[in-house]
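Model the placement of chain S on the given structure of chain P, informed by the hints.
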Amino acid sequence: MSLPRITLVRRTEDVPKWLPLVTTLGAVVLAFVIGAIILASIGANPSYIYSSFFRGAFGSLGSFSDVLVKASPLILIGLGCSLAFKMKLWNIGAEGQFFMGAFMASLVPLVPLVPLDTTPKFFVLLLMALLGMIGGALYGFIPGFLKAKFNINEIIVTLMLNYIVVFWNNYWIFGKWSDSGFQMTKTFPKVAWLPRLADYATQVKAFSGITLHAGVLFGLIAALIVYIILNHSNWGYMINLIGDNPRAARYAGADIAKNTILVFMLSGALAGLAGMVEVSGVVHRLQERISTSYGFSGVIVAWLAKLNPWAVIVVSILFGALIVASREIQPSGISFLLQGIILFLVISSDVLLKYKFQIVRPGKKVETVNEEVAA
Amino acid sequence: MSNTEAKAISPNVEPSVDLRDIVLRFPGVLANDHVNFKMYPGEIHALLGENGAGKSSLMNVLIGLYRPTSGQIIIHGKEQSFNSPKDAIAKGIGMVHQHFMLVQSQSVTENIILGLDQPRFFLNLKKYDEEVRALAESVGVNIDPTAKIWQLSVGEQQRVEILKILYRGADILIMDEPTAVLAPQEADELIETLRGMATQGKSIAFISHKLNEVQAVADRLTILQRGKVTAEGVPVEGMSREQLATLMVGREVIFNQRRSDKEPGEVILTLENVSALNNKNLPALRNVNLELRHGEILGIAGVAGNGQSELVECVTGLRSCQGKIILNGENIANKSPRFSIAQGLSHIPEDRIGVGSAPNLSITKNVIMKNYREKPISDHWRLDYKAAKHHAEELKDAYDIIAPDVDTQARKLSGGNLQKLILARELSSVPQILVAMQPTRGLDVGAIEGVQELLINRRDEGCAILLVSEELDELMRLSDRIAVMYEGEIVGVLDDKEADIQTIGLMMTGSLRLDKTDKQHETPLPPQTKEAPEEKTALKMATPIEPKLEQEEVSKTTVEERVEKFFEEIEAAEPEQPEPSLEKLQAPDRPLTDEEEKARVLRKVLGDKYQEDGKQ
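For the record, the sequence lines run as chains P and S. Following the numbering used here, the numbering of the first sequence begins with 1 at its first residue and continues without gaps. Following the numbering used here, the numbering of the second sequence begins with 1001 at its first residue and continues without gaps.
If we strip away everything but chain P, and leave its shape as in the complex, we get (with noise of 0.2 Å):
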């Protein structure tokens, strides 16, 4: 008892705007460092690995360009689950959302729904992109009914409707649309394609080489009109309601089986768009692997973002950055690595927003301070 001790205790006062932006950074940059010291145990230069990480991420126009092709759907997606988790529905199912979007849009181009020779390009992606958001709001729609109308828990629905468009994606692509027995279809007509900047590398030199395509401007947009909906709509007042107190929604007045579904088709229609940005910006058809768990990325992103829609957009460059730069490194499973303990940590990292710091020291008499106890 003679050392001076470190006590936590719960704070009591409101916690300053600044400190959650700090503590998020923080835990950011302690993951880093945790990192740095595994890499460094097992022999490596984690100066090195950090740079090239850096470099393969930033270091050139090219290479930033990918890490935004990356973030597009996890921005995208992001919003969706930031949008579920406000109402506090559980949102797992972006994955499948995800995937009937993109089965969706890619009707389109292989039925084709239109003329795909006389149809402007910009109406062709018009209907993909309206087709891609239907897809994952039908399927949004399917465990908010369940969860609306019979309560059935949200989780499990939206885990296991995630397997199922797999299987149904996987007979189109292998039975009915196969690109020669491969398991992809062919390839889609220009027509289909986002615009890219690589497309313009006549007018601009600079751009040639450069995948990056307008799926991200779809990102930025559905920020804006994310955070009008939370911030500044009476929509996104009865959410944070619903989501602090159904019972108190109820009483107020709100719709919380209606509410439940639209948010559920909301949230889906987000990632289905993500869907149509992936197929239709970057894989230009319709295969079993178009998603590097997006879906699933996308929960963790939204989680880490603290359910805010700008900082979704920070957060999905970030994890687009470890993607990529996961192509630098072998084994690349470091990335991951990283994301692991960078989610870790600023889940932790919370704890500095309830409780505070004290050092006790001895012999000097402390006024006793004194937790207070919730009865």
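None of these hints come from the bench; they were simulated from the model. Worth double-checking, as some hints may not be accurate.
Simulated coverage check for chain P against chain S, where a stretch passes if three residues somewhere in it have a Cβ under 8 Å from a Cβ of chain S [to be verified]:
{"id": "1", "stretch": "204-212"}
{"id": "2", "stretch": "250-259"}
27 Å max Cα-Cα, derived BS3-like pairs, lysine-lysine [claimed, not checked]:
{"id": "3", "chain 1": "S", "residue 1": "K1412", "chain 2": "P", "residue 2": "K356"}
{"id": "4", "chain 1": "P", "residue 1": "K356", "chain 2": "P", "residue 2": "K17"}
{"id": "5", "chain 1": "P", "residue 1": "K149", "chain 2": "S", "residue 2": "K1370"}
{"id": "6", "chain 1": "S", "residue 1": "K1412", "chain 2": "P", "residue 2": "K354"}
{"id": "7", "chain 1": "S", "residue 1": "K1389", "chain 2": "P", "residue 2": "K306"}
{"id": "8", "chain 1": "P", "residue 1": "K258", "chain 2": "S", "residue 2": "K1335"}
{"id": "9", "chain 1": "S", "residue 1": "K1412", "chain 2": "P", "residue 2": "K17"}
{"id": "10", "chain 1": "S", "residue 1": "K1091", "chain 2": "S", "residue 2": "K1038"}
{"id": "11", "chain 1": "S", "residue 1": "K1386", "chain 2": "P", "residue 2": "K306"}
{"id": "12", "chain 1": "S", "residue 1": "K1078", "chain 2": "S", "residue 2": "K1091"}
{"id": "13", "chain 1": "P", "residue 1": "K88", "chain 2": "S", "residue 2": "K1262"}
{"id": "14", "chain 1": "S", "residue 1": "K1091", "chain 2": "P", "residue 2": "K17"}
{"id": "15", "chain 1": "S", "residue 1": "K1370", "chain 2": "S", "residue 2": "K1386"}
{"id": "16", "chain 1": "P", "residue 1": "K88", "chain 2": "S", "residue 2": "K1389"}
{"id": "17", "chain 1": "P", "residue 1": "K306", "chain 2": "S", "residue 2": "K1412"}
{"id": "18", "chain 1": "P", "residue 1": "K354", "chain 2": "S", "residue 2": "K1389"}
Small disclaimer: the values here were computed from a predicted structure and weren't measured. Beta carbons: idealized from backbone N, C-alpha and C, even for Gly.
Then chain S, alone, in the frame of chain P:
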């Protein structure tokens, strides 16, 4: 009664608890300011004070949850320093909290021995069942040790908590507002149990802010006001309620408020044959007929759980029902809450935290809960938080909600301030009709007065108020008419002139029905065939009462006459085996006189309330 036989505390008896000069400081708050508190073996000592006066803090010092900033804790003559509740229980001190800490799926015995060093490995549950049974009998508690907690009523669960402490060898018990969660009947039983334990030499500290209860149960009392003692160990006998209230709040509390001198206006709300099920799908409301007029307060009296919650939920659209509920000519039965809100119906819910507020949202977001779709807060789809904040600040000032600012989370407000927030929200919309359920429960005397004043002001402005309360005093003070509920039925509606506490008490317990509702039933009620549970029926020997009097008779006879008639019926009925609990009140050999019979019945029905009226 026994509380009047206040124990003569001779100076040479050693106090079981002696708290000296306790100072307890929280950041920014002085919860206890040099408090002295002494308890002797065999006494029930009430600790009285407003919300936030420091009662709970002081008791938490005694059970080792808080360490005092300075001061001495002396237990049975020895100074102690507790680091945790475990240290305190080792010295025989235990506390029954308002919120029980029991495992629902386990039996009474399992809960009682949970966390003890014995048994070490093998559990011979039967042996412990017997121990628990013996312990329960020794303190006069009737409970089955093998029953699972979820099968027990709230009152029984509380007894398990008491047994838990006694089993650990406690002789100093602290009861934190024990009756707040109990129905009046259960409260009476608890008080009896506590008295029994006191006669066995235990010391019981009884935290409360219900004056009548303290007068009924306690031998002596200590009053705290803003962390300081204003009355230390004063015998309860000889203190008037007004004196106690003054010591608690530091000013005279007006106990008799004015009734409306205006005639009530048009009918605004009509209930026609409303029936509904409760959450367990059992009938909770049976053919309820009521009328509510502008400018009147209609009180709903009844023992908790006789359909009052369901009635309120049906009217506010939170529960589906059969029958018609007509508000301003529109049937609102089975419509959404939003529909009735739009019709100008405000609702002060029973459960402030669970229903009335969103705890993690700000004051601003809580006060706009019902009008966030209206201008100027909302413009079509857009919500203007600046306007909302302005609105919240106005309400914060007008209703005197004490908080640093309107961005404060609702969960950080005290009970009284949270209720003010709800009142601000519900009353600021100038409702046509207000449904208020237990609007003053758990509030301190000062806050109660404020709430009641607000209700009366609204009534005088023409608002129709349906007031549901378990506090008979409150109903009597505020209501223009009182409807009494028993087992889901309205067993009578009384005008303020004919309502007296005895009649209502009889009706609440199902011993009397006056089938004079506002409207005559279109379909006659089935005669009351169901025998009420024994504890609830004061008069076991009473023959089933004729459910209906002739219509002309109803209009002619006054209530008093009917009560009189009722007692005649009782007299005429041959008494069966008297209940054991009645035995001691009954003179054994000779037949009872009218007066004695009446007194006996009323004492049983009303408990301590009877005494105070007897005194008058």
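Hint-by-hint comparison with the structure:
no., hint, result
1, 204-212, "violated (count 0)"
2, 250-259, "holds (count 6)"
3, S:K1412 / P:K356, "holds, 18 Å"
4, P:K356 / P:K17, "holds, 15 Å"
5, P:K149 / S:K1370, "holds, 25 Å"
6, S:K1412 / P:K354, "holds, 14 Å"
7, S:K1389 / P:K306, "holds, 24 Å"
8, P:K258 / S:K1335, "holds, 15 Å"
9, S:K1412 / P:K17, "holds, 18 Å"
10, S:K1091 / S:K1038, "holds, 16 Å"
11, S:K1386 / P:K306, "holds, 24 Å"
12, S:K1078 / S:K1091, "holds, 10 Å"
13, P:K88 / S:K1262, "violated, 50 Å"
14, S:K1091 / P:K17, "violated, 46 Å"
15, S:K1370 / S:K1386, "holds, 17 Å"
16, P:K88 / S:K1389, "holds, 25 Å"
17, P:K306 / S:K1412, "holds, 22 Å"
18, P:K354 / S:K1389, "holds, 26 Å"
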